[in-house]
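Chemist: What follows is the residue order along each chain.
There are 2 protein chains.
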Amino acid sequence: MATLKVPASVASPAEDCEQLRKAFTGWGTNEALIIQILAHRNAAQRKLIRETYAATYGEDLLKDLDSELSSDFQCVVLHWTLDPAERDAYLANEATKRLTCSNWVIMEVACTRSSFDLFKARQAYHARYKKSLEEDVAYHTTGDFRKLLVPLVSAFRYEGDEVNMMLAKSEAKILHEKISKKAYSDEELIRILTTRSKAQLNAALNQYNNQFGNAINKDLKADPKDEYLTLLRATIKCLTCPEKYFEKTLRLAINKLGTDEGALTRVVVTRAEVDMQRIKEEYHKRNSVPLERAIAGETTGDYEKMLLALIGHA
Amino acid sequence: MATLKVPASVASPAEDCEQLRKAFTGWGTNEALIIQILAHRNAAQRKLIRETYAATYGEDLLKDLDSELSSDFQCVVLHWTLDPAERDAYLANEATKRLTCSNWVIMEVACTRSSFDLFKARQAYHARYKKSLEEDVAYHTTGDFRKLLVPLVSAFRYEGDEVNMMLAKSEAKILHEKISKKAYSDEELIRILTTRSKAQLNAALNQYNNQFGNAINKDLKADPKDEYLTLLRATIKCLTCPEKYFEKTLRLAINKLGTDEGALTRVVVTRAEVDMQRIKEEYHKRNSVPLERAIAGETTGDYEKMLLALIGHA
Numbered sequence: 214m215a216t217l218k219v220p221a222s223v224a225s226p227a228e229d230c231e232q233l234r235k236a237f238t239g240w241g242t243n244e245a246l247i248i249q250i251l252a253h254r255n256a257a258q259r260k261l262i263r264e265t266y267a268a269t270y271g272e273d274l275l276k277d278l279d280s281e282l283s284s285d286f287q288c289v290v291l292h293w294t295l296d297p298a299e300r301d302a303y304l305a306n307e308a309t310k311r312l313t314c315s316n317w318v319i320m321e322v323a324c325t326r327s328s329f330d331l332f333k334a335r336q337a338y339h340a341r342y343k344k345s346l347e348e349d350v351a352y353h354t355t356g357d358f359r360k361l362l363v364p365l366v367s368a369f370r371y372e373g374d375e376v377n378m379m380l381a382k383s384e385a386k387i388l389h390e391k392i393s394k395k396a397y398s399d400e401e402l403i404r405i406l407t408t409r410s411k412a413q414l415n416a417a418l419n420q421y422n423n424q425f426g427n428a429i430n431k432d433l434k435a436d437p438k439d440e441y442l443t444l445l446r447a448t449i450k451c452l453t454c455p456e457k458y459f460e461k462t463l464r465l466a467i468n469k470l471g472t473d474e475g476a477l478t479r480v481v482v483t484r485a486e487v488d489m490q491r492i493k494e495e496y497h498k499r500n501s502v503p504l505e506r507a508i509a510g511e512t513t514g515d516y517e518k519m520l521l522a523l524i525g526h527a
Numbered sequence: 214m215a216t217l218k219v220p221a222s223v224a225s226p227a228e229d230c231e232q233l234r235k236a237f238t239g240w241g242t243n244e245a246l247i248i249q250i251l252a253h254r255n256a257a258q259r260k261l262i263r264e265t266y267a268a269t270y271g272e273d274l275l276k277d278l279d280s281e282l283s284s285d286f287q288c289v290v291l292h293w294t295l296d297p298a299e300r301d302a303y304l305a306n307e308a309t310k311r312l313t314c315s316n317w318v319i320m321e322v323a324c325t326r327s328s329f330d331l332f333k334a335r336q337a338y339h340a341r342y343k344k345s346l347e348e349d350v351a352y353h354t355t356g357d358f359r360k361l362l363v364p365l366v367s368a369f370r371y372e373g374d375e376v377n378m379m380l381a382k383s384e385a386k387i388l389h390e391k392i393s394k395k396a397y398s399d400e401e402l403i404r405i406l407t408t409r410s411k412a413q414l415n416a417a418l419n420q421y422n423n424q425f426g427n428a429i430n431k432d433l434k435a436d437p438k439d440e441y442l443t444l445l446r447a448t449i450k451c452l453t454c455p456e457k458y459f460e461k462t463l464r465l466a467i468n469k470l471g472t473d474e475g476a477l478t479r480v481v482v483t484r485a486e487v488d489m490q491r492i493k494e495e496y497h498k499r500n501s502v503p504l505e506r507a508i509a510g511e512t513t514g515d516y517e518k519m520l521l522a523l524i525g526h527a
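Line order of the protein sequences matches chains A and B.
Going by the numbering used here, the first sequence opens with residue 214, and the numbers climb by one from there.
Going by the numbering used here, the second sequence opens with residue 214, and the numbers climb by one from there.
No lab work stands behind these hints, which were simulated from the structure alone.
Here the structure is a predicted model, which means the values were calculated and not measured.
Possibly wrong hints are sitting among the right ones.
Since the list can't tell identical chains apart, any single copy or any two copies may satisfy a pair.
DSSO-like, lysine-lysine: derived pairs with alpha carbons at most 27 Å apart [stated by the list, open to error]:
{"#": "1", "residue 1": "Lys434", "residue 2": "Lys391"}
{"#": "2", "residue 1": "Lys382", "residue 2": "Lys260"}
{"#": "3", "residue 1": "Lys333", "residue 2": "Lys411"}
{"#": "4", "residue 1": "Lys386", "residue 2": "Lys310"}
{"#": "5", "residue 1": "Lys218", "residue 2": "Lys434"}
{"#": "6", "residue 1": "Lys310", "residue 2": "Lys382"}
{"#": "7", "residue 1": "Lys310", "residue 2": "Lys360"}
{"#": "8", "residue 1": "Lys382", "residue 2": "Lys343"}
{"#": "9", "residue 1": "Lys382", "residue 2": "Lys450"}
{"#": "10", "residue 1": "Lys469", "residue 2": "Lys450"}
{"#": "11", "residue 1": "Lys343", "residue 2": "Lys411"}
{"#": "12", "residue 1": "Lys469", "residue 2": "Lys498"}
{"#": "13", "residue 1": "Lys310", "residue 2": "Lys434"}
{"#": "14", "residue 1": "Lys395", "residue 2": "Lys360"}
{"#": "15", "residue 1": "Lys450", "residue 2": "Lys343"}
{"#": "16", "residue 1": "Lys276", "residue 2": "Lys394"}
Next comes chain A alone, as it looks inside the complex (with noise of 0.2 Å):
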């Protein structure tokens, strides 16, 4: 399900560290060996490189690629280099501040994580922040928003594969209950979302659909303007199929006028060792178009070519 590609036989962290030098040393920086090399080492072998980097330079390999790289180039990179854990307490942080924040981003890394990643994304931030991820979610979020999202970032969902139908059908009954009335944050319904393994959640909206003839999120289609219904069924989308959720958010990170490089980075960056072949699939489904291609159409250089290496197509 990755598109991450790892060469069969791979260079030594310490062969690697010192091509990475070669690449910052003399007249400009060799930005195709950076590719060539970080674009295809998955997540255990770069954290061997920044280890040894740092043990034999004395230097943080991330501070060296920040100041040899720019623009777009240097913040995949940067994102790409760093591990997955504090990689997703760095997004998460930015998204609580004022200039960067986003309830988006918050609720993707507390949705599409596995529990244990999620756990792991807190114990980096309390290194990193000297403060909890909850806690700065709770400041910096107000009403409905932080009903929803503080739940969210402080679960350790369930993940076993049992489901109580009995329960899955009562639940859906609230759901309904609940958004007939258009009652979307209430407590009740957030409990669910909120506190369900993904595969009790799934149960009890197939119960749904079933019962009461439409999917969920059909049930919530409202007006774009209401930020937190819109949200909401993100989240759920973010549940129950991640991978449509990042098709979109891919899709619109394109299809924008001027290009969202963040949003594609980061989709690219968190999902390239993960679920990006599905992504792929679900995107070229929906645009008739492939991923690489759309890519290739609106970036350029060597954030392209990171990118492309990244989706598995170098």
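Using the hints provided, position chain B relative to the given structure of chain A.
Modeler: Relative to the frame of chain A, chain B by itself:
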């Protein structure tokens, strides 16, 4: 700070298992031998004993203890032998069941464990109950209790000493404002109590005292029949001075007509390896009688012996 006494030289897990096996066989059970072994092994050692026992005899030590022992003694030995994370999961699960429900125990587990120990309890909860702790707490509580307990059990508080004094001052003001209005389940008040690190919360409560002339729990003094308010006060106590909270819990358990063995067992078993020394000091100071004497006065037989061993008197 622990009261558990482990001998300088401990028998091997295999030897311990052999002795325990002997204690179970023949006419009657050798309770003294069980106490001699289990009440003097730390959590890691008890875990090894359970594993060795299962590997050697193909049986679960807990099941054998369960069938050999009875009544309060059985209960304290079983609780003690469990791994702390499993024990917390068990205590919390019992506390969400209709017949044994206790908002008090849920709060105690959530507020007096370290952040990582609470997380380990949540993991143990998944493994044992195929559900998440927060899921059950949210499902089995309502209203103000749910608003407080769900974020408490979901928290992963930062544990560093860093304190933001500006924030402490502003949040002291928020707390005072809400309490003056008797808005005890206000979402800002709950946010502060459930997300801030214990150090940060303590700073805010010191500021509260400085700025408004009263300790917060004095301002929360109220009708003991108001169950939510009583729980809120206990929450603050657990977060800021757990030894006082546990002293009081022991005092009430011991002084109760008929003794509350459940609470007595729970506090002794969960704190013997943590801070029972401090709790004993608090108890002696507050009741003018040493805890061991108070326990000896209210309990008998093997149950008494086991409790006394765990609090360091054997």
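Chemist: Please go over all the hints and tell whether each is borne out by the structure.
Modeler: Hints, verified against the model:
no. : hint            : result
1   : Lys434 x Lys391 : within (14 Å within a copy, 37 Å between copies)
2   : Lys382 x Lys260 : neither (45 Å within a copy, 41 Å between copies)
3   : Lys333 x Lys411 : both (19 Å within a copy, 21 Å between copies)
4   : Lys386 x Lys310 : between (38 Å within a copy, 23 Å between copies)
5   : Lys218 x Lys434 : neither (39 Å within a copy, 63 Å between copies)
6   : Lys310 x Lys382 : between (40 Å within a copy, 21 Å between copies)
7   : Lys310 x Lys360 : both (18 Å within a copy, 26 Å between copies)
8   : Lys382 x Lys343 : between (42 Å within a copy, 19 Å between copies)
9   : Lys382 x Lys450 : within (20 Å within a copy, 40 Å between copies)
10  : Lys469 x Lys450 : within (21 Å within a copy, 53 Å between copies)
11  : Lys343 x Lys411 : between (30 Å within a copy, 13 Å between copies)
12  : Lys469 x Lys498 : within (19 Å within a copy, 69 Å between copies)
13  : Lys310 x Lys434 : neither (29 Å within a copy, 38 Å between copies)
14  : Lys395 x Lys360 : both (16 Å within a copy, 21 Å between copies)
15  : Lys450 x Lys343 : between (32 Å within a copy, 24 Å between copies)
16  : Lys276 x Lys394 : neither (52 Å within a copy, 51 Å between copies)
Checked against the numbered hints above, the structure violates hints 2, 5, 13, 16; every other hint is satisfied.
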